[in-house]
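Given chain A, put chain B in place with the hints provided.
What follows is each chain in one-letter form.
There are 2 protein chains.
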Amino acid sequence: MKLSKLNLETTIDGFLDNSFFAVQPQKSGHRSGLDAILLAATIRDAAKGRVADLGSGSGVAGMAVAQRCLNVNVDLFELNPRMANYAHQSTQLAQNAHLQDRLSVFEADITVSGHARDQYGLLPNTYDHIISNPPYNDESLQLAPSEDKAQAHAMTPDMLLKWIKTAAYIATHKAELTLIMRPANLSELLVALQGRFGSIRVKPIQPVSGVAAILMLVRAVKGGKAPLELLEPVILRDHPPKEDGGHFTSDVEEILRGRACLEL
Amino acid sequence: MKLSKLNLETTIDGFLDNSFFAVQPQKSGHRSGLDAILLAATIRDAAKGRVADLGSGSGVAGMAVAQRCLNVNVDLFELNPRMANYAHQSTQLAQNAHLQDRLSVFEADITVSGHARDQYGLLPNTYDHIISNPPYNDESLQLAPSEDKAQAHAMTPDMLLKWIKTAAYIATHKAELTLIMRPANLSELLVALQGRFGSIRVKPIQPVSGVAAILMLVRAVKGGKAPLELLEPVILRDHPPKEDGGHFTSDVEEILRGRACLEL
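Going down the list, the protein sequences come from chains A and B. Residue numbers for the first sequence follow the working numbering, beginning at 1 and rising by one. Residue numbers for the second sequence follow the working numbering, beginning at 1 and rising by one.
Bound conformation, chain A alone:
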């Protein structure tokens, strides 16, 4: 079966100036990139405690947090067995030996409710930071259709609500939740957060200056009461020349090299 053979082909990609590596599907399934690194950048260097990455894919965002934030343990939760296996392989790479003690992978259904979550390692009142790149984003910066994409596309407003409920369940008091999503999903996200997470900050991500955002980072605090804020946008690239798509802005370049974080 040629297709299934292709599905098993992987690449090993370096991130943050090759300070860690991830096993990723070559042609099908979610390949992480800029979005995962921007999401990870929202966790402060000095963060402590436990970090959960909900829907981790091959684990890039969670590993990027572990790479930069030396006082956290990171648990990666992923439903898709093949992607969870890539995440596991990633944590076991020799190049990632410096991270292994602080990384765990759980094959987990994030949509279940109540204590049914516990069987997956989604334990109540446990995580100080929760990050997530819900599978909505696949179209934005990525990739070709595949069966794994089809699964990702099944994400609905109702599923997002279940994810946020799970985030609230595993969060400690005042835990921070950070998501990277498309602006198109802002209404359903704010509805899902109501009564669970507050002190919301929305940071639009523009491809270049002068245009609408293609993505947004949204940070919220469990039980937070501060008013919602619309923050200054991130601008990804200087105005693009015709061919290469433009260079990253210096702020984003620093983030991609693991030299800066992106506080919300």
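Please keep in mind that the hints were generated in silico from the structure rather than gathered at the bench.
What follows is a set of in silico ranges between Cβ atoms, one per label pair, in the way DEER data are often shown:
hint, chain 1, residue 1, chain 2, residue 2, range
1, B, THR249, A, PRO157, 35 to 41 Å
2, B, ASP17, A, ASN18, 57 to 63 Å
3, B, ASP118, A, VAL208, 46 to 52 Å
4, A, SER209, B, GLN119, 45 to 51 Å
5, B, ASP45, A, THR249, 33 to 39 Å
6, A, ARG259, B, SER209, 18 to 24 Å
7, A, GLU254, B, ASN85, 56 to 62 Å
Just some of the chain A residues that point at chain B, by a computed CB distance under 7 Å:
hint, residue
8, LEU190
9, PRO204
10, ALA212
11, ALA213
12, GLU229
13, LEU230
Derived lysine-lysine pairs resembling BS3-like cross-links, with alpha carbons at most 30 Å apart:
hint, chain 1, residue 1, chain 2, residue 2
14, B, LYS162, A, LYS225
15, B, LYS174, B, LYS225
16, B, LYS165, A, LYS162
17, A, LYS225, B, LYS165
18, A, LYS48, A, LYS225
19, B, LYS162, B, LYS48
20, B, LYS225, B, LYS165
21, B, LYS162, B, LYS174
22, A, LYS165, B, LYS225
23, A, LYS48, A, LYS174
24, A, LYS225, A, LYS162
25, A, LYS225, A, LYS165
26, B, LYS48, B, LYS174
27, A, LYS165, B, LYS162
28, B, LYS225, A, LYS162
29, A, LYS165, A, LYS48
30, B, LYS48, B, LYS225
31, A, LYS225, A, LYS174
Note that beta-carbon positions come from the ideal geometry of N, C-alpha and C, so glycine has one too.
This is chain B only, laid out in the frame that chain A set:
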């Protein structure tokens, strides 16, 4: 009664390079300014049909629309009898003679439901453009406390929902609704819009570059189905020198002089 005497004192203020004038309370009640002009600027020069200004105060936003958009009629709806009277006085000023045929003022309770609205002139399926600066904003760019402010402060999420329902009632098919509000109220606004207005565009308004937005313009289309967009922010002022608060950016200066609009 010194206080009630003060309450009756008014000023006559020019807008858009003194192309029209508004009677406004000198010390109490809502004095319009930048927010009203930014809101009005969202209506295209070539707009046609009927425009409603919900919660018009002394009528600055609606008059600014009538001044620039020569093919629209503008109806101003205001609950507070004193403010509605200022709006009426404004429309009758000799300096505004060129606008009088296209301006009407209604003392109206925007929160009523069903056909009870009709008694106030809030007629179904009538307006092609609806603009509103809900009284939430009083604190943002304004002014001292007063009884009229106390009324404004009674605005709650439930009242906002009633305003949006009234907007949907008076809107024609595919009518545009534009509001200027604080980011703090984004969640309740998006909830209120759901199922009524879509194709939402949010344009943050930052006091200067590099900081969070203090206000936002939100544009939505009745029955619209396009995804929500987060637009490039408006920057009000160049980085402020210590004393005068900084100059307006050239884009905003053009808007304040009535030479440019602000399409969302």
